[in-house]
Each structure stands twice: as structure tokens, then as C-alpha cells.
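Enquirer: Listed here are the chains, written in short residue letters.
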Amino acid sequence: MTSYKNPFEYEQATTLAPQFIADVFIEDHNFTRFIQSNRNVFLLGERGSGKSMTLLYNSIAVQRLRANNGKASDLNFIGIYIPCNTTLTHKREYELIEDQVLAALISEHFMVLGIAYAIAQGMTWLPEDVSIGDDVQLREDLIYVLGADLQPEQSLMRALMLYIQRESRRSQSALNSLRLEEFRQSAFTFTSLVHPLLHALRRSLPLSNAHFLLLIDDAHDLNMHQKAALNSWIAYRDRSVFSFKVAVADAIGYDYRTASRGVILEGHDFLSIDLQKPFQNPLSDFGKLAKDVIERRLKNISVATTSEEFFPASDEFRKDLDRCRDEIQKEAAIRYPSEADAKKRKDYIYKYSRVKYFRERARRANLPPYSGFDTICHVSTGVIRNLLMPCYWMYDAVYSGLGDDARGKPISNIPPSIQSLVLRERSESLWQWIASSLATSIDNCTLEDSKRIYQLLDNLGELFRKRLLVARSEPRALAFSISGLTNDYELVIMPLLHIARRAQLLYFRSGPAKDEGRRETFYVPNRMLWPIRGLDVVGQHARVSLKAHDVWAAANGVPFPFEETAQATTIQGGLFDPED
Amino acid sequence: MPKELFILTFGEYADKTNMSRSALMDLAGQKGIKSNELIVQRQPVQLWRAIREKFSGTGWAHRSVLVDITTMPREVIWWVFSALRSSGSHISYVYHKPGSYSPEWLTRDTDRPRLIYQHSGIAELGRETCLFLVSGFDVDRAIQIMQFFEPRTLIIGLQSGSQFENAVRNVAHNRRLLERVQNPHFVELDSYSPDHGLAAMEAALKSHFGQFNVVAASLGPKLSAVSLSHWQIKHPDIALAYAPSRQFNYEYSRGIGENPITCVLDTL
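If you're matching them up, the sequences are chains P and V in order.
Under numbering that gives the first Met the number 0, read the first sequence as residues 0 to 579, first letter to last.
Under numbering that gives the first Met the number 0, read the second sequence as residues 0 to 267, first letter to last.
Careful: at least some of the hints might be erroneous.
What follows is a set of in silico ranges between Cβ atoms, one per label pair, in the way DEER data are often shown [claimed, not checked]:
no., chain 1, residue 1, chain 2, residue 2, range
1, P, D395, V, N248, 36 to 42 Å
2, V, T69, P, N486, 41 to 47 Å
3, V, T57, P, M493, 50 to 56 Å
4, V, T261, P, Y3, 32 to 38 Å
5, V, R253, P, D395, 40 to 46 Å
No lab work stands behind these hints, which were simulated from the structure alone.
Heads up, the beta-carbon is just placed ideally off N, CA and C, and yes, glycines get one too.
Using the sequences provided together with the hints, build the complete structure.
Expert: Now the structure itself:
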């Protein structure tokens with residue numbers, strides 16, 4: 000049996016080997032270089048957007064592997080990966096404690112034990128030539144400053160890890176038995192444990208210039224006291240020794256209040272990086288990132304080819320599209336003959352070439368042959384895991400069809416027919432999942448909620464299809480905003496949209512509103528929904544404004560009203576965002 | 000013959016259980032048994048407090064208590080057992096299989112999974128999670144727990160036997176769905192056996208102790224919650240988890256099967 004290695008593995012990053020992360024991570028096009036700085040940074044994005052991967056890549060465990068691969072060892076920034084989705088974080092006994100000050104103290108205690116342990120563990124990854132294990136002065140400092148009885152026969156960091164582990168076990172036992180008074184005497188805080196630990200480490204010569212990046216993953220899993228404590232630490236002015244890089248999935252619901260009930264502010268206390276990208280065309284940041292991600296993974300299995308060559312578009316599709324573009328170019332030349340109207344001609348061709356293809360296609364019974372790297376990139380809706388997932392299944396489908404003798408050789412491309420088949424299958428199974436499993440798979444989602452979400456998406460699909468086939472304004476729009484959102488409608492619509500967001504069926508994005516200077520939230524359904532509906536997954540740089548009462552009616556099974564002449568709004572990108 | 004009867008009544012469903020409770024209390028009255036009703040809410044802090052206040056204390060020391068777990072949520076079973084155990088009671092339990100389960104849905108609208116107060120184990124820092132899940136008919140609920148804890152290793156305890164279309168609704172369904180999600184290890188166990196599958200659990204997890212933080216959850220037969228409780232006493236590092244449902248099918252099950260299972264807790 001030949002060993003099978005699918006290059007598009009998309010499991011959660013925490014299960015991936017450090018070497019794999021070092022091999023496949025792409026630093027460009029996503030602002031993640033901000034991690035290697037002394038700024039506090041929030042990384043925002045739903046599951047699969049690359050938060051954990053980014054933090055793990057910057058951890059000392061992975062950076063050291065890169066150093067071994069010939070890169071210079073940089074001890075100016077030392078990344079300490081601190082996972083929060085752990086059984087320790089999920090303990091909820093703090094809810095039983097009526098004294099909120101004590102509950103906060105205990106919550107912080109467990110959090111800082113986790114951080115201190117991660118720091119000690121991280122130090123074991125230091126290159127051997129800068130090892131601090133034999134630093135007698137550091138050992139004495141830690142014993143004195145932390146009051147820790149470090150085992151003399153153990154290496155320094157191992158002894159520190161054992162000490163923290165023992166304290167953690169002792170205090171968990173006390174918490175489970177509700178022996179809470181112990182904590183008033185002996186609880187650790189950030190200032191009594193982590194702060195002195197980092198300062199002590201900096202007194203060691205090899206680390207005298209080190210800045211510690213505390214990489215807090217899945218901070219949404221922290222309890223409210225721990226989030227408040229973390230925010231308080233982020234509000235510290237002095238960032239010479241450490242800074243926080245915090246990954247959060249629930250960016251909208253995250254609480255930025257500090258323990259003293261202040262609030263940390265973006266720009267002032269931290270900067271945030273949204274890892275979900277609104278644009279997916281080849282010139283966009285996400286388009287470039289996606290191309291690099293795919294090609295790096297292909298290179299790892301010794302396939303030297305471009306993303307476009309590996310995922311070719313079907314000839315039939317390309318020819319039909321070219322023909323439509325030619326015809327639309329001719330139309331544009333007739334409509335806008337003046338030299339001064341060059342931009343109008345360009346816009347017309349951009350808007351209507353693909354529309355013409357899909358309108359002609361609609362007369363046929365079968366679905367369009369969805370294929371090509373560009374199509375896969377748009378289907379991802381700007382989320383890396385959504386990009387890798389269909390690629391994984393496509394690769395698997397091709398591999399499954401190979402004979403034994405061919406299995407040892409690299410796959411050189413994915414035929415368009417397989418791409419199309421997989422995209423249609425994944426699209427169909429996503430609809431089936433909403434219909435059969437949403438209510439039981441997403442917490443706090445009732446059967447009625449799941450039915451409404453299905454109906455809303457179903458009616459959106461129908462609206463988008465009608466627009467694609469006959470609308471004059473922005474016919475390929477696949478995003479929407481909501482107008483007339485009164486308090487009453489907000490109370491019923493927003494919970495549905497948030498469930499859809501948590502299920503990754505809907506992505507929330509922010510863009511300029513029609514009113515000058517104001518921003519509004521708009522919503523992008525996961526584009527994996529659309530292949531089975533025959534829609535153009537490439538979409539358009541525009542959103543449809545829907546009235547709140549129509550959205551609620553659609554959620555209850557009533558189709559959206561449709562006017563051919565209904566206007567849609569162009570989505571304004573950032574200064575450097577190309578058009579979608 | 001018992002001297003006292005305690006009924007735990009969930010206030011949220013009191014109107015639905017009214018007839019049954021009245022009948023039970025009437026019967027107790029006829030037999031000279033003193034009835035007590037403890038109205039509780041599903042909100043976990045209140046529920047935990049109510050159970051702890053009612054079943055803890057020296058008054059329970061050396062008393063023989065028979066706990067009917069048939070319709071008890073799992074966290075109630077665990078808290079009642081631990082409160083009575085810490086009070087020094089002699090605990091037995093009884094479980095009545097239903098005559099049949101609804102062919103439709105059983106539970107839905109699952110709340111966020113959570114570790115059980117005072118049964119959340121002792122986690123080792125730096126260790127990854129191993130999730131041990133006794134699966135039942137609600138596969139999506141199992142997937143939800145799995146996605147919440149994101150375990151490095153997943154072990155699925157599958158109930159053996161042919162009761163209640165188990166082979167189709169549980170074993171085959173779980174294998175098919177869960178294999179698509181992550182590569183789990185499957186282990187067969189029989190919650191209706193005298194040890195409620197405890198030996199099979201021990202064998203399956205033996206090599207994982209000391210390597211992972213083990214989280215265990217029961218979505219299968221109610222008796223597997225008893226074996227998990229016992230297991231956690233033997234291995235206090237294990238954390239027990241629960242994903243409560245917020246909607247129950249009022250036709251969840253019908254009737255009472257033959258031969259109730261009765262056991263003394265400490266002899267399990």
C-alpha cells in the first residue's frame with residue numbers, strides 16, 4: 000500500500016505538527032507580520048480563518064524549526080503559544096462562588112498558571128547555544144521571586160514546569176472540593192507570577208533583549224473574569240517586555256472591558272487584524288494568499304505547478320466565457336463609443352460578461368461546470384479552511400480513482416469534471432446539513448431557528464438567481480445589508496443571523512454606508528451554498544439592500560419581492576482593494 | 000418499604016409531570032410514606048445548590064437511599080450521588096428501561112457543552128484532550144461536544160446489543176457520521192451489563208491516562224452515566240462533561256420495560 004498524503008489537510012491547526020506548520024504557513028498578504036512586534040494585536044476570524052495557524056507559526060516551537068532550516072535564530076521576539084480551549088479553562092466552578100472578587104481571583108489564578116507553564120515550556124525550545132538551563136543566577140532569582148521550591152536535580156525549566164504543575168493540581172483539587180479560602184492566601188496573579196517570571200528571564204544574558212509575545216489562542220473560551228483580566232493586562236502602558244496577540248472567533252460578542260470596568264480601545268491599546276477577507280479575486284490580498292497557500296502545499300509534495308494549472312477551468316467554460324466577453328465588448332463599444340467613456344466600457348464588460356454567460360446557461364437544464372482556481376477561491380468566501388476543504392476532497396477523489404501503480408506518483412492536476420463534481424456535492428451536503436442537523440449541531444439553535452435560517456438562505460438564493468438572470472443593477476451581487484431594522488425586527492432577525500454566523504453559513508462584514516462617513520454591517524452567505532443553485536460564485540463587488548420586514552418574511556418562508564430595476568450598492572473596498 | 004420519598008421536580012416542566020407526580024404522591028400516602036417535593040430549575044447553579052442543600056449534611060449519614068435515575072438528567076445523577084456520598088449515605092439506584100423510544104427526534108436545541116461542577120477533574124497543564132464519548136441516538140449532539148472540546152483523540156463507546164433498533168439508530172449511524180468528522184477509536188460496551196461497561200471503558204482508556212486530559216461524556220444509555228460517575232471516583236483526574244438539551248420530545252419514550260436494573264452503587 001502506498002502512503003497517502005493529501006497536501007490540502009485542513010484539520011484544526013493545533014493537531015498539526017510544528018514542522019508541517021513551518022512548511023506550509025504563508026506570511027505574506029495577511030498582515031500577520033504584525034505579530035512579530037511589541038504591539039498588542041487581536042486576530043479576528045471565525046473557525047478556519049487561520050488564527051491558530053498564525054499564532055502557532057509565531058511560537059518558538061515553530062520558529063526554532065525555521066531557524067534549523069537555515070534562517071537566523073531571532074531571540075528578539077519569543078512567541079509563547081497559550082491555548083485556551085483546554086479542560087482547565089473549561090472548568091466552571093467559579094460560577095458557584097457568590098463573592099465575585101474571589102471568583103475573579105480564582106479565575107485569574109488558573110489562567111496565569113497556564114501562561115507561566117507555557118512560558119517555561121517555551122523556554123525548552125530555545126536553541127541549545129542559548130540555553131538558560133544552567134543559569135544558576137536565574138534559578139536563584141526564580142526561587143526567590145516566585146517563592147518556588149524548584150527541584151535542584153531537574154533542569155531549570157523542567158523544575159519550573161513541575162512546580163507550576165504541582166500548584167495547578169493542588170489548587171484544582173481545592174476548587175473541586177470548594178476549599179475556597181485557600182485561594183485568598185495563595186492565588187497567583189499576573190503581577191505575582193507571570194510578570195516577575197518574564198523579568199527574571201530577561202535578566203539572563205541570552206534573553207536580555209527578548210520581547211515575549213504571549214500568543215493567546217481561542218480567547219473566546221476564557222470566562223468573563225479571565226477576559227477582563229486579560230484586557231487589563233493589555234491596557235498596561237509598558238510593552239517593552241511582553242505584548243499580547245489574542246485570537247478571537249466571536250469578534251462581535253467579545254467583551255473588551257477590563258477588571259476595573261474600563262474598556263480597551265482599538266488603536267490605543269491594541270490593533271486588530273481581520274483574517275476573514277472580503278475580496279477573493281486574484282489581485283486581492285486573499286487571492287494572493289490563497290494562491291501562495293495552494294502552491295506551497297503542492298511544493299511540499301514535489302508538485303511544481305501553479306494553482307491555476309493544478310485546478311484548471313473547464314475548456315467549455317472558458318470558451319463560453321470568452322465568447323460572452325467578446326459579445327459584451329461589442330455591446331459596450333456600441334453603447335459607449337466615445338474615447339472619454341473608456342471606464343464605462345470597462346465597467347460594462349466587468350459587470351455583464353459573466354452575467355451573459357449565466358443568463359444563456361440558464362436556458363440549459365444542467366449546472367455550470369464550476370471549476371478553476373479562481374472559482375474555488377471565490378467559493379471559500381475569504382476563509383482559508385473553506386479554500387482547503389474542497390481542494391482536499393478533490394485531491395482525494397482523484398487519488399481514489401488511481402490504480403495501484405499510479406498512486407506512488409504525484410497528481411499533476413485536478414480535472415475540471417472532478418472539481419465541478421466535488422463543488423456540487425459539497426454544496427448539496429451543506430444544504431442538507433442545514434436542513435437536518437443545524438438545530439442539533441449549533442448550541443442554542445432551536446428547530447424553528449434552523450428552519451428559518453434554511454428558508455432565509457433559500458429565499459436569498461432565489462433572489463440572487465432572479466437578479467442574476469434579469470436584474471439591471473449589480474446582477475451578480477451575493478451580499479446583502481438590512482434597512483429598516485427596528486428594535487422589534489432586530490430582536491427576531493439578529494439572533495438568526497448570529498446562529499448562521501456561528502454555523503459559518505453567513506459572514507458579517509463592515510463597509511461604508513450610503514450616508515457619508517457612516518459604516519454599516521453587511522452579510523455574505525457562505526458561497527459554498529451557491530453551486531448547487533447554479534449561481535455565479537464569483538459574485539460582484541456589490542450588496543443588495545433588503546428591508547427588515549422582507550428578511551423576516553423570507554425567514555418565515557415568503558419569497559423576497561423582486562423588481563428588475565431594484566438598485567444594489569457597490570461595496571467600497573479599502574484603499575488598495577481591487578474590484579472583485 | 001421506604002420511609003420517605005423525595006421527588007425532584009423541574010419547574011419548567013411541572014405542568015407536564017403533574018399527573019405522574021400526583022399519582023406517585025397518592026400511592027406514597029396510601030403506603031404511609033412521607034412525600035417531599037423539591038422544585039428545581041434547570042439553571043445549573045440553582046440546580047446544583049438545591050441538590051447540595053437538600054442531600055448534604057449529617058442527616059443523610061448512614062441512611063439507605065435508593066435513587067431512581069430513570070428520568071434524571073445526567074448532571075443531576077452525578078450531583079445527587081456525590082452529595083449523598085459525601086454525607087455518608089448507602090446509595091443504591093434503580094433504572095427502568097422504557098418500553099420504546101420515539102421514532103422521531105428525542106432532544107434538540109442543545110445548550111453549550113460544559114464540564115460538571117465539582118466533577119471537572121484535574122487537568123495537567125500542557126496536555127491535550129482525549130474525549131471519551133458514550134454515544135447514543137443523537138449523533139449531532141456528539142459531534143457538537145467533539146467540536147467544542149476539539150480533542151486530540153476521540154474514543155467513542157458504542158452500546159452493544161439489539162435493543163431499541165440500536166444497531167441501526169446508534170451503532171451504524173454513529174460509525175458513519177463520526178468517521179467523517181475525525182478518526183475516532185470505537186469501543187463496544189454494554190451499559191446494561193452488571194458493570195455498565197466500566198471494564199470496557201477502563202480498557203479503552205488505559206493507555207491514555209497520563210498522556211491526555213480525559214473528558215468523558217455520556218449521550219448513550221442512562222446507566223453509562225453511573226459507570227462514568229464510578230469511573231471518576233477511581234480516577235479523579237477525569238472530567239465529566241454534559242451538553243444539556245433545551246427541548247425534549249414529550250413523546251421521548253413510552254412505557255416501562257421489563258426487569259428494572261437495581262444496583263448498590265459502591266458494589267459496581
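Enquirer: For each hint, tell me whether it holds in the structure or not.
Expert: Hint-by-hint comparison with the structure:
no. : hint                        : result
1   : P:D395 - V:N248: 36 to 42 Å : 38 Å, holds
2   : V:T69 - P:N486: 41 to 47 Å  : 45 Å, holds
3   : V:T57 - P:M493: 50 to 56 Å  : 51 Å, holds
4   : V:T261 - P:Y3: 32 to 38 Å   : 51 Å, violated
5   : V:R253 - P:D395: 40 to 46 Å : 44 Å, holds
Violated hint: 4 only; the structure is consistent with all others.
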